[in-house]
Amino acid sequence: MAGGGSLGPAEKVKRGKNSKRKKKKRIGFHLDMTPLVDITFLLLTFFMFTTTMLKPQIMEMRIPPERYENIEVKASELLTIFLRGDGKLFWCAGIPDATNNKPELITLDKIKALSIEKNLKPAVRNRLIISFTVSIDAPYENVISVLDQLNQAETPITEEIGKELDKDGHPTKRARKFTIVEMKDADVKLLEGL
Amino acid sequence: MPKVRKKRMGFVIDMTPLVDITFLLLTFLMFTAKFKSEAENEQQFVIIRPTASADTTKLPERDLAVINVAIDDKTRDTSYYFGLTNINDQKQVWSMIPDLPPALLDKKLVKADSLLLAKFIKYTLQVRPSTKFAMDADKRVRFKYINDAMNIMRKSHAFVFNFVTEKKKS
Numbered sequence: 012m013a014g015g016g017s018l019g020p021a022e023k024v025k026r027g028k029n030s031k032r033k034k035k036k037r038i039g040f041h042l043d044m045t046p047l048v049d050i051t052f053l054l055l056t057f058f059m060f061t062t063t064m065l066k067p068q069i070m071e072m073r074i075p076p077e078r079y080e081n082i083e084v085k086a087s088e089l090l091t092i093f094l095r096g097d098g099k100l101f102w103c104a105g106i107p108d109a110t111n112n113k114p115e116l117i118t119l120d121k122i123k124a125l126s127i128e129k130n131l132k133p134a135v136r137n138r139l140i141i142s143f144t145v146s147i148d149a150p151y152e153n154v155i156s157v158l159d160q161l162n163q164a165e166t167p168i169t170e171e172i173g174k175e176l177d178k179d180g181h182p183t184k185r186a187r188k189f190t191i192v193e194m195k196d197a198d199v200k201l202l203e204g205l
Numbered sequence: 184m185p186k187v188r189k190k191r192m193g194f195v196i197d198m199t200p201l202v203d204i205t206f207l208l209l210t211f212l213m214f215t216a217k218f219k220s221e222a223e224n225e226q227q228f229v230i231i232r233p234t235a236s237a238d239t240t241k242l243p244e245r246d247l248a249v250i251n252v253a254i255d256d257k258t259r260d261t262s263y264y265f266g267l268t269n270i271n272d273q274k275q276v277w278s279m280i281p282d283l284p285p286a287l288l289d290k291k292l293v294k295a296d297s298l299l300l301a302k303f304i305k306y307t308l309q310v311r312p313s314t315k316f317a318m319d320a321d322k323r324v325r326f327k328y329i330n331d332a333m334n335i336m337r338k339s340h341a342f343v344f345n346f347v348t349e350k351k352k353s
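Residue numbers (our numbering), protein chains in the order written: chain A, 12 to 205; chain B, 184 to 353.
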């Protein structure tokens, strides 16, 4: 601590016209902000370089419980999309067959349009089952791309189907039927050479 | 009469708006920053996520079970890793698993084969049935690993899960 002193009135410096002391101009107090700003900038640059603004997003999947009995579905309501080990895509409506109903080659950007077209076909409207058959050797990246395309197709399909009213006057609910399955040997043979 | 000479003062820049903005940015970034979890710190791999179109659903942070399907940085092997975001659940689940090596008890992320993964999922659902599952897989892995994991989940009665993706850059 700095040395104090008695504060008696006797020691009071005489001020006024006779005072010889020079009057100092009051300028308030001065605070040096430089170190504060230095640290702030340092922290700011640190956080700016370390933050990632991109948060991962999710794609929900539901897997059905195990069933031992087979469920029969109409062949006309079935649409199969194949993803071969080399990443090539094929599609086929109904039961695929090597002679009469050969799977056709399709590119990724056409999947969305295919799904919209087939789902809204009057004969199978809102009843279509999409079976996504994937080879175990296919890269996961391609699987997600196809799922993404199919998800994107859902918005226009749901909108279109919602325009129709059911008997109570409510918009029809979209019943999406989708399954992802592992490619069997028979499918591999079917796609060979295509 | 002599001219009054003004004292030279140099020039003065008002730093106030600059400092204002800096503080604002600093506080924003400090509050939004999330530090690496212990599980992420332990991991020996980097997951390159597949990209999907923009979606508003974000990965939940609470009570999440993450199944990583990743390629090890050194051995280049694909394997499963299991982790839970809820620390209390994680301790409970880890302790419930019979014959889990003691060295793994402290680990937040455990490398698991199919058998161990099935046990992890089963006990996680026992401890907290509302746990959400997320499959965070590297885009380079083969579908076989994803399919196997889905079959394990099906057998363990975890019927709903999420694929973790990243937003596609337009």
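Each hint should be verified, as a subset may be incorrect.
[What the hints assert, rightly or not] Label pairs and their computed distance ranges (CB to CB): (1) A:Lys121 / B:Val343: 21 to 31 Å; (2) A:Tyr79 / B:Asp296: 37 to 47 Å; (3) B:Arg259 / A:Val84: 54 to 64 Å; (4) A:Asp177 / B:Ile231: 39 to 49 Å; (5) A:Leu47 / B:Met279: 31 to 41 Å; (6) B:Val343 / A:Lys184: 11 to 21 Å; (7) B:Gln309 / A:Leu47: 24 to 34 Å; (8) B:Asp255 / A:Asp177: 52 to 62 Å; (9) B:Ser297 / A:Asp177: 37 to 47 Å; (10) A:Asp148 / B:Val229: 18 to 28 Å; (11) A:Ser142 / B:Ile231: 47 to 57 Å; (12) B:Ile231 / A:Thr56: 24 to 34 Å; (13) A:Thr169 / B:Ser297: 34 to 44 Å; (14) A:His181 / B:Leu298: 42 to 52 Å.
Read the hints as simulated data drawn from the structure, not as lab findings. Predicted, not measured: the structure shown is a model, and the values here were computed from it. Note that the Cβ used here is the ideal one computed from N, Cα and C, for glycine as well.
Verification of the hints:
1. A:Lys121 / B:Val343: 21 to 31 Å: About 30 Å separates the Cβ atoms of Lys121 of chain A and Val343 of chain B, which means 21 to 31 Å holds.
2. A:Tyr79 / B:Asp296: 37 to 47 Å: This hint is violated: roughly 26 Å between Cβ atoms.
3. B:Arg259 / A:Val84: 54 to 64 Å: 41 Å, violated
4. A:Asp177 / B:Ile231: 39 to 49 Å: Cβ of Asp177 of chain A to Cβ of Ile231 of chain B: about 45 Å, so the range 39 to 49 Å holds.
5. A:Leu47 / B:Met279: 31 to 41 Å: The hint (31 to 41 Å, Cβ to Cβ) is violated, given that Leu47 of chain A and Met279 of chain B are roughly 52 Å apart.
6. B:Val343 / A:Lys184: 11 to 21 Å: 19 Å, holds
7. B:Gln309 / A:Leu47: 24 to 34 Å: Violated, at about 53 Å.
8. B:Asp255 / A:Asp177: 52 to 62 Å: Since Asp255 of chain B and Asp177 of chain A have Cβ atoms about 53 Å apart, the given range 52 to 62 Å holds.
9. B:Ser297 / A:Asp177: 37 to 47 Å: Since Ser297 of chain B and Asp177 of chain A have Cβ atoms about 45 Å apart, the given range 37 to 47 Å holds.
10. A:Asp148 / B:Val229: 18 to 28 Å: With Cβ atoms ~23 Å apart, the hint holds.
11. A:Ser142 / B:Ile231: 47 to 57 Å: 28 Å Cβ-Cβ, so the 47 to 57 Å window is violated.
12. B:Ile231 / A:Thr56: 24 to 34 Å: 27 Å, holds
13. A:Thr169 / B:Ser297: 34 to 44 Å: This hint holds: roughly 37 Å between Cβ atoms.
14. A:His181 / B:Leu298: 42 to 52 Å: 48 Å, holds
Of the numbered hints stated above, those contradicted by the structure are hints 2, 3, 5, 7 and 11, listed in ascending order.
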